[in-house]
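> Taken in order, these protein sequences are the chains called U and E. Counting in my numbering, the first sequence runs from 1 upward without gaps. Counting in my numbering, the second sequence runs from 1 upward without gaps.
By construction, these hints were calculated from the structure, which means they are not laboratory data. Each hint should be verified, as a subset may be incorrect.
Claimed, not checked - Here are a few chain U residues that face chain E, going by a calculated C-beta distance under 8 Å:
# : residue
1 : 14
2 : 15
3 : 32
4 : 33
5 : 36
6 : 39
7 : 45
8 : 54
9 : 68
What the hints assert, rightly or not - Pair ranges (Cβ atoms, derived):
#  : chain 1 : residue 1 : chain 2 : residue 2 : range
10 : U       : 70        : E       : 28        : 53 to 61 Å
11 : U       : 38        : E       : 13        : 54 to 62 Å
12 : E       : 117       : U       : 38        : 36 to 44 Å
In this text, a Cβ means the ideal position worked out from N, Cα and C, and glycines have one as well.
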Amino acid sequence: MGKPTRVTNRIRALRFAAGEMTQAELADRVGVTRQTVIAIEQGRYSPSLEVAFQIARVFDVPLDDVFQYPEGE
Amino acid sequence: MPFEEKMTWVGLVVTLVVPVVYFAIMLGRLGDAPAADIHYQWPLIIAIGASIGLTIVGAIATAIGTAIAAEVRGRSASDDIDRKDERDVRISRHGDLVGFYVSSAGMVGVLALTMLQYDYFWIANALYLSFVVGTLVGSVVKLVAYRRGF
Chain U
1 MGKPTRVTNR IRALRFAAGE MTQAELADRV GVTRQTVIAI EQGRYSPSLE VAFQIARVFD
61 VPLDDVFQYP EGE
Chain E
1 MPFEEKMTWV GLVVTLVVPV VYFAIMLGRL GDAPAADIHY QWPLIIAIGA SIGLTIVGAI
61 ATAIGTAIAA EVRGRSASDD IDRKDERDVR ISRHGDLVGF YVSSAGMVGV LALTMLQYDY
121 FWIANALYLS FVVGTLVGSV VKLVAYRRGF
């Protein structure tokens with residue numbers, strides 16, 4: 001607990017590119033709480049694969065355009 | 001704040017306030033009479049009942065307050081009181097697990113009191129204290145997870 005995830009993401013940039021979509025709107029479309037979107041964006045929570053795919057689908061991009069993991073791990 | 005986090009706060013406050021009142025009463029009685037003569041049974045039952053009742057009342061009040069606040073601020077779905085996502089579930093499980101370990105450690109002490117044939121007063125209260133501390137620790141772990149990340 002409290003250990004920051006090594007997974008990074010581009011959700012903030014993707015939201016901006018998608019007409020400045022709000023965190024609340026993304027949360028509603030994925031079916032999670034706004035706080036969970038905030039936690040994912042800030043790298044404080046690694047979502048399940050299912051939620052990760054749902055987020056990618058909202059932005060209509062492949063999964064690794066949203067989430068990245070450092071090389072060599 | 002997610003609705004589940006608010007509910008955790010409700011549980012924490014109730015789990016803190018009720019046992020403090022109960023143990024304050026018991027400690028007062030302990031000064032007047034030997035442990036074996038203290039009637040702890042009804043106060044303990046009332047304390048447990050009060051915890052359940054206050055948690056239900058707190059949950060209802062929190063739900064109403066959240067619904068009104070969401071309506072006033074114009075937020076609908078993302079603040080829904082019935083929205084519990086995977087992060088809530090994971091945090092809840094983690095907190096409950098830690099709380100269980102703490103309660104279990106307390107049970108070892110209760111077992112020792114029983115083997116040493118202490119008065120029922122001590123055994124019952126140690127048992128109650130173990131549950132209370134386990135629940136408190138579990139709630140704190142959940143709140144830390146909500147705040148610092150999980």
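> A separate judgement is required for each hint: does it hold in the structure or not?
Hint check results:
no. : hint                       : in the structure
1   : 14                         : violated (18 Å)
2   : 15                         : violated (14 Å)
3   : 32                         : holds (4 Å)
4   : 33                         : holds (5 Å)
5   : 36                         : holds (5 Å)
6   : 39                         : holds (6 Å)
7   : 45                         : holds (6 Å)
8   : 54                         : violated (11 Å)
9   : 68                         : violated (18 Å)
10  : U:70 <-> E:28: 53 to 61 Å  : holds (60 Å)
11  : U:38 <-> E:13: 54 to 62 Å  : violated (25 Å)
12  : E:117 <-> U:38: 36 to 44 Å : violated (55 Å)
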